[in-house]
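Participant: Sequence:
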Amino acid sequence: MMQALPLHPFTPDWPMPAPRFLRDEVPPPPTLPLTQVFGSRWAEWITRAAESKSAPPDYVLAALLPAVGAAIGNARWAMPWAGWAEPPVLWTMAIGNPSSNKSPGLDAVLTPLGRVERELRREVEVKRASWLEAAELAKIAESTWKEAAKRAMKDGEDAPARPGEANPGPEPFLPRLAIADATVERLAVILAEQPRGTLLTRDELAGWLHGMTRYAGGGSDRPFWLEAYGGRGHTVERMGRPPVHVDRLSIGVLGGIQPDRLRSLLLKSDDDGLLARFLPLWPDPAPIRRPERLPDEGFIEGALLRLHRLNMPVNERDELVSCFLPFTDGARDRLDSLRQAIRAWEGNAEGLLLSFIGKLPGLAVRLSLILTYLDWLTRQEAEPLEIEPDAFDRAALFIETYALPMARRAYADASHSKAERAARQLLTLIRKQGWERFTSREVLRLDRKGLTTAAELDRALGVLVEAEVVRAVEGAPSPKGGRPVKLFAVNPAVLHPSL
Numbered sequence: 005m006m007q008a009l010p011l012h013p014f015t016p017d018w019p020m021p022a023p024r025f026l027r028d029e030v031p032p033p034p035t036l037p038l039t040q041v042f043g044s045r046w047a048e049w050i051t052r053a054a055e056s057k058s059a060p061p062d063y064v065l066a067a068l069l070p071a072v073g074a075a076i077g078n079a080r081w082a083m084p085w086a087g088w089a090e091p092p093v094l095w096t097m098a099i100g101n102p103s104s105n106k107s108p109g110l111d112a113v114l115t116p117l118g119r120v121e122r123e124l125r126r127e128v129e130v131k132r133a134s135w136l137e138a139a140e141l142a143k144i145a146e147s148t149w150k151e152a153a154k155r156a157m158k159d160g161e162d163a164p165a166r167p168g169e170a171n172p173g174p175e176p177f178l179p180r181l182a183i184a185d186a187t188v189e190r191l192a193v194i195l196a197e198q199p200r201g202t203l204l205t206r207d208e209l210a211g212w213l214h215g216m217t218r219y220a221g222g223g224s225d226r227p228f229w230l231e232a233y234g235g236r237g238h239t240v241e242r243m244g245r246p247p248v249h250v251d252r253l254s255i256g257v258l259g260g261i262q263p264d265r266l267r268s269l270l271l272k273s274d275d276d277g278l279l280a281r282f283l284p285l286w287p288d289p290a291p292i293r294r295p296e297r298l299p300d301e302g303f304i305e306g307a308l309l310r311l312h313r314l315n316m317p318v319n320e321r322d323e324l325v326s327c328f329l330p331f332t333d334g335a336r337d338r339l340d341s342l343r344q345a346i347r348a349w350e351g352n353a354e355g356l357l358l359s360f361i362g363k364l365p366g367l368a369v370r371l372s373l374i375l376t377y378l379d380w381l382t383r384q385e386a387e388p389l390e391i392e393p394d395a396f397d398r399a400a401l402f403i404e405t406y407a408l409p410m411a412r413r414a415y416a417d418a419s420h421s422k423a424e425r426a427a428r429q430l431l432t433l434i435r436k437q438g439w440e441r442f443t444s445r446e447v448l449r450l451d452r453k454g455l456t457t458a459a460e461l462d463r464a465l466g467v468l469v470e471a472e473v474v475r476a477v478e479g480a481p482s483p484k485g486g487r488p489v490k491l492f493a494v495n496p497a498v499l500h501p502s503l
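Residue numbering for the sequence shown follows my numbering, starting at 5 and increasing by one per position.
Misleading hints may appear alongside valid ones.
Claimed, not checked - Below, computed lysine-lysine pairings styled on BS3-like, alpha-carbon distance capped at 25 Å:
#	residue 1	residue 2
1	LYS453	LYS436
2	LYS422	LYS436
3	LYS131	LYS143
4	LYS154	LYS143
5	LYS422	LYS453
6	LYS422	LYS490
7	LYS436	LYS490
8	LYS453	LYS490
9	LYS143	LYS158
10	LYS422	LYS363
Said to hold, decoys possible - Quick list of the computed label-pair ranges, beta carbon to beta carbon:
#	residue 1	residue 2	range
11	ALA186	ALA153	37 to 45 Å
12	LYS143	ALA184	34 to 42 Å
13	LEU324	PRO23	56 to 64 Å
14	LYS154	GLU390	57 to 65 Å
Hints listed in this document are in silico derivations from the structure and should not be mistaken for laboratory results. Note that the structure is a prediction, hence the values are computed from the model and not measured. Virtual Cβ for every residue (Gly too), placed ideally from N, Cα, C.
All chains, please: the whole structure from these sequences, using the hints.
Facilitator: Here's what the structure looks like:
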């Protein structure tokens, strides 16, 4: 319980409240270091693609990074040292109002990716047509063999061996490079057939995140998605059907969200690390103007197709497995330096921002792998065999100058202490209800998350009292006798900021 609050007469004479409660404390967006991190060829393509969509380049990048990561997928992982390996899986969140052209910016990558998928599916359709013919012949061979086996057994002879023609092999699977919506059960089936992984795209991430707890009895999809980010093995149990096991569950995610929806989500969500896995991108809107340059569609399509055709190694059991790219000694040294810096950043962070910072070493490793392959796509040279210091340096630069400042901007509302977050939620409730005065009982009766107990409410009130947002005032006695109700007056400046 907080200490007893001083009582004041109800008077309009108020000092100015703490400035942080008068305005949204959203830091400005950082500058995207395109050329320094991605090189001139990719910087040029991203810039032109953004101009053609009247979108900030940040939104194009929000689609490019997870699309490239999913294209590499389980074919290649980064391995700083034995015992630590990371898939190139990335999750990105494009934040902006409806007029900010989030979807067009994402489409600059998703539309070419759709064309690549259609091309790969056409190739598989040719193989599938041949397989269907072989499957029909296999049925005949199977039937003939069964009849011969029956006759042999009837005559007391050894049954003939099953002919190889009776087995047409596995049916060719039509690739799914990007999926707009699917249940975890359906995704597990797809990934069991497509070991490389896939990409999930969502126009609105808030609905997807809320829908993870839609099951009766407290079931949730969140454990599935926590594993999907890490590329871990996972088994999905299906009602009335055999379970589906995926050895390396790797799914990239990208989508958009409006700032208000994000703010609501941050205040209501439990911190299980799911939101902290997203790389947020919240730029200012692009200037309204006609595009002067168009992007090279052949370049992006060729790049994505080349990545999706990376071969996966086969083990001794004829299973597709991942190839691990080791770090050079120099890259390991750079990683150690970044980890030291991250430890210092953690000391000045709380809440969701602290969780985000804790995942930056893994993000840096993943980015360095993606940057290595982005470089490879612009050069005529053999596929890389290791991750060099230059790629990691650029990944670290991106994290320090862009990813971390952008997370401070996007997750500001969830980066405070629990008491501060509860105080902000209480202030939002006060404004919504239009209360000039209110009682503790009125707040508790609304049963809002974070303000459901007297202890939680007292912590929030303590912050607002200290900030001169509310004051405890003399309340009327309870009709049944006893102590007066806890009554609070609200500083008019927070209800009417223009006064």
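Participant: Look at each hint and say if it fits the structure.
Facilitator: Right, here's what the structure says about each hint:
{"no.": "1", "hint": "LYS453 to LYS436", "verdict": "holds, 15 Å"}
{"no.": "2", "hint": "LYS422 to LYS436", "verdict": "holds, 21 Å"}
{"no.": "3", "hint": "LYS131 to LYS143", "verdict": "holds, 18 Å"}
{"no.": "4", "hint": "LYS154 to LYS143", "verdict": "holds, 17 Å"}
{"no.": "5", "hint": "LYS422 to LYS453", "verdict": "holds, 12 Å"}
{"no.": "6", "hint": "LYS422 to LYS490", "verdict": "holds, 22 Å"}
{"no.": "7", "hint": "LYS436 to LYS490", "verdict": "holds, 20 Å"}
{"no.": "8", "hint": "LYS453 to LYS490", "verdict": "holds, 20 Å"}
{"no.": "9", "hint": "LYS143 to LYS158", "verdict": "holds, 23 Å"}
{"no.": "10", "hint": "LYS422 to LYS363", "verdict": "holds, 21 Å"}
{"no.": "11", "hint": "ALA186 to ALA153: 37 to 45 Å", "verdict": "holds, 42 Å"}
{"no.": "12", "hint": "LYS143 to ALA184: 34 to 42 Å", "verdict": "holds, 36 Å"}
{"no.": "13", "hint": "LEU324 to PRO23: 56 to 64 Å", "verdict": "holds, 57 Å"}
{"no.": "14", "hint": "LYS154 to GLU390: 57 to 65 Å", "verdict": "holds, 59 Å"}
The structure is consistent with each of the numbered hints, conforming to all of them.
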